[in-house]
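S.K.: For reference, the chains in residue letters:
There are 2 protein chains.
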Amino acid sequence: DISSSDRALVEQVSRVVEQAKELQDLSASLISRTSREEDSLRQRANSLNSSIHSLRSSIRKSNLLLDSTLAEKLEEELFRARYLLNEGDAAAFLPSKSHGRFLRMFLGPINVRANRKDVQLKVKEEYNSFRDRTAYLFLFFPLLLIVLRSWIWNGCLPALPVQLYQAWLLYLYTGLALRENILRVNGSDIRPWWIYHHYFAMAMALISLTWEIERGPDCAQKQKGVLLYLKWAIMQGIAMLLQNRYQRQRLYTRIALGKAGRMDVVWGETAGVEGQLWLLCPILFILQGFEAYVGLLLLKTAFLGVISEWQVITCGILLIIMAVGNFANTVQTLVTKSRV
Amino acid sequence: DISSSDRALVEQVSRVVEQAKELQDLSASLISRTSREEDSLRQRANSLNSSIHSLRSSIRKSNLLLDSTLAEKLEEELFRARYLLNEGDAAAFLPSKSHGRFLRMFLGPINVRANRKDVQLKVKEEYNSFRDRTAYLFLFFPLLLIVLRSWIWNGCLPALPVQLYQAWLLYLYTGLALRENILRVNGSDIRPWWIYHHYFAMAMALISLTWEIERGPDCAQKQKGVLLYLKWAIMQGIAMLLQNRYQRQRLYTRIALGKAGRMDVVWGETAGVEGQLWLLCPILFILQGFEAYVGLLLLKTAFLGVISEWQVITCGILLIIMAVGNFANTVQTLVTKSRV
Ligand SMILES: CC(C)(COP(=O)(O)OP(=O)(O)OC[C@H]1O[C@@H](n2cnc3c(N)ncnc32)[C@H](O)[C@@H]1OP(=O)(O)O)[C@@H](O)C(=O)NCCC(=O)NCCS
Ligand SMILES: CC(C)(COP(=O)(O)OP(=O)(O)OC[C@H]1O[C@@H](n2cnc3c(N)ncnc32)[C@H](O)[C@@H]1OP(=O)(O)O)[C@@H](O)C(=O)NCCC(=O)NCCS
Numbered sequence: 002d003i004s005s006s007d008r009a010l011v012e013q014v015s016r017v018v019e020q021a022k023e024l025q026d027l028s029a030s031l032i033s034r035t036s037r038e039e040d041s042l043r044q045r046a047n048s049l050n051s052s053i054h055s056l057r058s059s060i061r062k063s064n065l066l067l068d069s070t071l072a073e074k075l076e077e078e079l080f081r082a083r084y085l086l087n088e089g090d091a092a093a094f095l096p097s098k099s100h101g102r103f104l105r106m107f108l109g110p111i112n113v114r115a116n117r118k119d120v121q122l123k124v125k126e127e128y129n130s131f132r133d134r135t136a137y138l139f140l141f142f143p144l145l146l147i148v149l150r151s152w153i154w155n156g157c158l159p160a161l162p163v164q165l166y167q168a169w170l171l172y173l174y175t176g177l178a179l180r181e182n183i184l185r186v187n188g189s190d191i192r193p194w195w196i197y198h199h200y201f202a203m204a205m206a207l208i209s210l211t212w213e214i215e216r217g218p219d220c221a222q223k224q225k226g227v228l229l230y231l232k233w234a235i236m237q238g239i240a241m242l243l244q245n246r247y248q249r250q251r252l253y254t255r256i257a258l259g260k261a262g263r264m265d266v267v268w269g270e271t272a273g274v275e276g277q278l279w280l281l282c283p284i285l286f287i288l289q290g291f292e293a294y295v296g297l298l299l300l301k302t303a304f305l306g307v308i309s310e311w312q313v314i315t316c317g318i319l320l321i322i323m324a325v326g327n328f329a330n331t332v333q334t335l336v337t338k339s340r341v
Numbered sequence: 002d003i004s005s006s007d008r009a010l011v012e013q014v015s016r017v018v019e020q021a022k023e024l025q026d027l028s029a030s031l032i033s034r035t036s037r038e039e040d041s042l043r044q045r046a047n048s049l050n051s052s053i054h055s056l057r058s059s060i061r062k063s064n065l066l067l068d069s070t071l072a073e074k075l076e077e078e079l080f081r082a083r084y085l086l087n088e089g090d091a092a093a094f095l096p097s098k099s100h101g102r103f104l105r106m107f108l109g110p111i112n113v114r115a116n117r118k119d120v121q122l123k124v125k126e127e128y129n130s131f132r133d134r135t136a137y138l139f140l141f142f143p144l145l146l147i148v149l150r151s152w153i154w155n156g157c158l159p160a161l162p163v164q165l166y167q168a169w170l171l172y173l174y175t176g177l178a179l180r181e182n183i184l185r186v187n188g189s190d191i192r193p194w195w196i197y198h199h200y201f202a203m204a205m206a207l208i209s210l211t212w213e214i215e216r217g218p219d220c221a222q223k224q225k226g227v228l229l230y231l232k233w234a235i236m237q238g239i240a241m242l243l244q245n246r247y248q249r250q251r252l253y254t255r256i257a258l259g260k261a262g263r264m265d266v267v268w269g270e271t272a273g274v275e276g277q278l279w280l281l282c283p284i285l286f287i288l289q290g291f292e293a294y295v296g297l298l299l300l301k302t303a304f305l306g307v308i309s310e311w312q313v314i315t316c317g318i319l320l321i322i323m324a325v326g327n328f329a330n331t332v333q334t335l336v337t338k339s340r341v
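Just so you know, the protein sequences line up as chains A and B, in that order.
Last residue of the first sequence: 341 (this note's numbering), numbering continuous.
Last residue of the second sequence: 341 (this note's numbering), numbering continuous.
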């Protein structure tokens, strides 16, 4: 003898319980079915990948025997197959580059790989726009510090603003290194060096935080190291802006080609952007030279005894390592590109 | 008139091209089908979630009219439905807690949510073991510094080891904050305060890096602040170890229940661990008291003019904020638990 409204309530509750069970079953079956199907695609992608590789090498080996136009045609077809596999939706099922220690150190064993190509491209786009935003700050902060130094602070930087700037740099490089590692897991071909380069920059920012900002009468002399560091940072900002412009265009070309589904025009992929690269590189080389120069100056101030903190020496060495590595890797990139 | 081996090659190449196209189609269709099915499950999970909520409130409202045993039974059934929805496989399709600014700042818009419950539990387990490993280091490093200070360094800490330790702390807190944000996205009910607490600790580690480690004859006096900081760190290590033991047992209970599929025994979930909590909390309160005390001592040294750096004052204030927040949130956790 429960009222009709109560009865309705009882019915609704049991319906909800029913629905919850049903939803649980549906979810469990979708998840297990999807993971099974993904496993099978993963196997197929793997075996296709290795057949492409072995076919390529057997074509190369029998190159002398084959008709050269035929060999070329076969290579082209294989290239197309490889491109489809690596750049299409199937790429999600190829083994990903390993997570790397850095990501595991900060995030643990979480999966950061996106299955869908459009999501991957969005991540890359966001990375580019993050770089864009920071490149301007990169120019702005050290410029501001240098200007205020002569206008307001009478040639003597106070510690706090410099340290705030250095803390920002540390955050920035950590963020860049994390994002680049994530991009790598998502199939980017970024050279490991560009990521290591950000580890070195992180180390430099951390070290510079412990660097004592001298006060007192002879601070102008003692702050030479900091000032050099700021000038290098401005240069880095310029390099970043130029590089961003180039990378953005490269990405847009790729997205446009992807959207148009014109996987076959990959040859010409960078054609429109190639020209820019030859313009960008001389500027990069000059900046890299300046980077090494700043490193040497830091070492000089340290060894002449003006400032003798270990921080100055270490930063000098790090700058020189970065300059040499950047130069070597830029050259290698150019060599690889001109060979294709 | 190509040779038979050439013909075989040509055939193999065209087969590979065929396979690549096929795999591309299969991948594309799996990805789009899965995302369609996930969308529909997402809708169902959402609407079920809101019907559970509205039913609960209508039962509560008509509480006076309903037979009390009936009302209790209905509430229990609803609880079961809610538990199934929130803790089962369907949970993957409930809207996740938003990513939060912190994760976006460091990682960009990447998805860190695991669909599968066992993966989520693995992430949590790894977080616990990360905490375990670090808790020992947390005890070890400051102890080592304090011991070496009186044994080798004649009461005067050198800067480099302390700064290395502080850099390690900064890394550690950043890692913890990132991991906890990831756990939250994966459905953990962690109170926001425990994450904010790590943001404060990050700020403190960063600030302490810029803290000048005094040298010279009266360093013992001037290093009072650093020494207090180290003592607090040892306390923090003890708190972490105790907390870890408790949290690990909680997780194992949960995993065991999950594996046994005994979703219905959720009531007793923490029963075995509850006792431990009442043992843990007094110790936590003592540690929190000590935390506030260290904060006050830092402020005192600053205001008595022994050390007058802004870093000391800020760290003092941060410690007091953390102590008060930790206390308030521990009490709230206890109140919530005793109410259930
Ligand atoms: C030399 C350079 C312009 C070549 O760029 P590129 O043409 O894109 O090079 P690649 O074709 O080898 O790029 C492969 C991938 O790595 C990425 N990449 C290349 N250089 C990168 C860098 N410095 N940082 C981050 N990603 C980079 C590209 O975006 C591309 O990603 P994708 O596979 O997801 O599309 C570029 O590497 C560069 O500007 N480097 C920095 C130079 C420097 O020294 N800066 C500091 C001066 S002080
Ligand atoms: C008080 C305390 C023991 C309660 O722990 P609890 O019983 O797990 O609390 P809850 O039931 O509210 O936990 C809900 C969730 O938050 C997590 N959580 C609770 N406190 C946490 C903390 N301090 N850090 C990280 N995660 C925490 C739990 O693991 C649980 O996660 P789950 O949903 O994935 O299972 C715990 O919060 C604690 O130890 N806090 C730190 C106390 C402190 O002040 N330390 C510093 C002293 S100097």
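You may find that some hints are simply not true.
[Unchecked claim] Below, in silico cross-link-like pairs of lysine-lysine (DSS-like), each with a Cα-Cα straight-line distance of 25 angstroms or less:
no., chain 1, residue 1, chain 2, residue 2
1, B, LYS223, A, LYS223
2, A, LYS118, B, LYS223
3, B, LYS22, A, LYS74
4, B, LYS98, A, LYS22
5, B, LYS118, A, LYS22
6, B, LYS98, A, LYS123
[Claimed, not checked] Label-pair ranges, simulated between beta-carbon atoms:
no., chain 1, residue 1, chain 2, residue 2, range
7, A, GLN44, B, TYR197, 24 to 32 angstroms
8, B, ARG43, A, VAL148, 24 to 32 angstroms
9, A, GLN44, B, SER99, 45 to 53 angstroms
10, A, GLN44, B, ASP190, 20 to 28 angstroms
11, A, LEU252, B, GLU12, 34 to 42 angstroms
12, B, GLY290, A, LEU145, 41 to 49 angstroms
13, A, ASP26, B, SER33, 22 to 30 angstroms
Hints were generated in silico from the structure; no laboratory data involved.
No experiment lies behind these values; they were computed from the predicted model shown.
Glycine residues also receive a C-beta, built at the ideal position from the N, C-alpha and C atoms.
S.K.: If a hint holds in the structure, say so; if it does not, say that too.
M.R.: Hints versus structure:
At most 25 angstroms may separate the alpha-carbon atoms for a hinted pair to count; B/LYS223 and A/LYS223 meet this at roughly 24 angstroms. As the CA atoms of A/LYS118 and B/LYS223 are separated by approximately 58 angstroms, the hinted pair breaks the 25 angstroms bound. For the hint pairing B/LYS22 with A/LYS74, the CA-to-CA distance comes to about 18 angstroms; that is within 25 angstroms, so the pair holds. A threshold of 25 angstroms between alpha carbons decides the hint, and for B/LYS98 with A/LYS22 the separation of about 23 angstroms falls inside it, so the pair holds.
For the suggested pair B/LYS118 and A/LYS22, the alpha carbons sit about 16 angstroms apart, so the restraint of at most 25 angstroms is met. For the proposed pair B/LYS98 and A/LYS123, the alpha carbon gap of about 21 angstroms is at most 25 angstroms, so the pair holds. The hinted range of 24 to 32 angstroms is not satisfied by A/GLN44 and B/TYR197, whose Cβ atoms lie roughly 46 angstroms apart. Between B/ARG43 and A/VAL148 the beta carbon distance is about 53 angstroms. The supplied range of 24 to 32 angstroms is therefore violated.
In this structure the hint that A/GLN44 and B/SER99 lie 45 to 53 angstroms apart at CB is violated, the actual value being about 36 angstroms. A hinted range of 20 to 28 angstroms is violated for the C-beta pair A/GLN44 and B/ASP190, which are about 38 angstroms apart. Between A/LEU252 and B/GLU12, the C-beta spacing of about 38 angstroms keeps the proposed range 34 to 42 angstroms intact. Under the hint 41 to 49 angstroms, the C-beta atoms of B/GLY290 and A/LEU145, about 44 angstroms apart, fit the expected range.
The supplied range of 22 to 30 angstroms is met by A/ASP26 and B/SER33, whose beta-carbon atoms lie about 23 angstroms from each other.
Against the hints set out earlier in the document, violations occur for numbers 2, 7, 8, 9 and 10.
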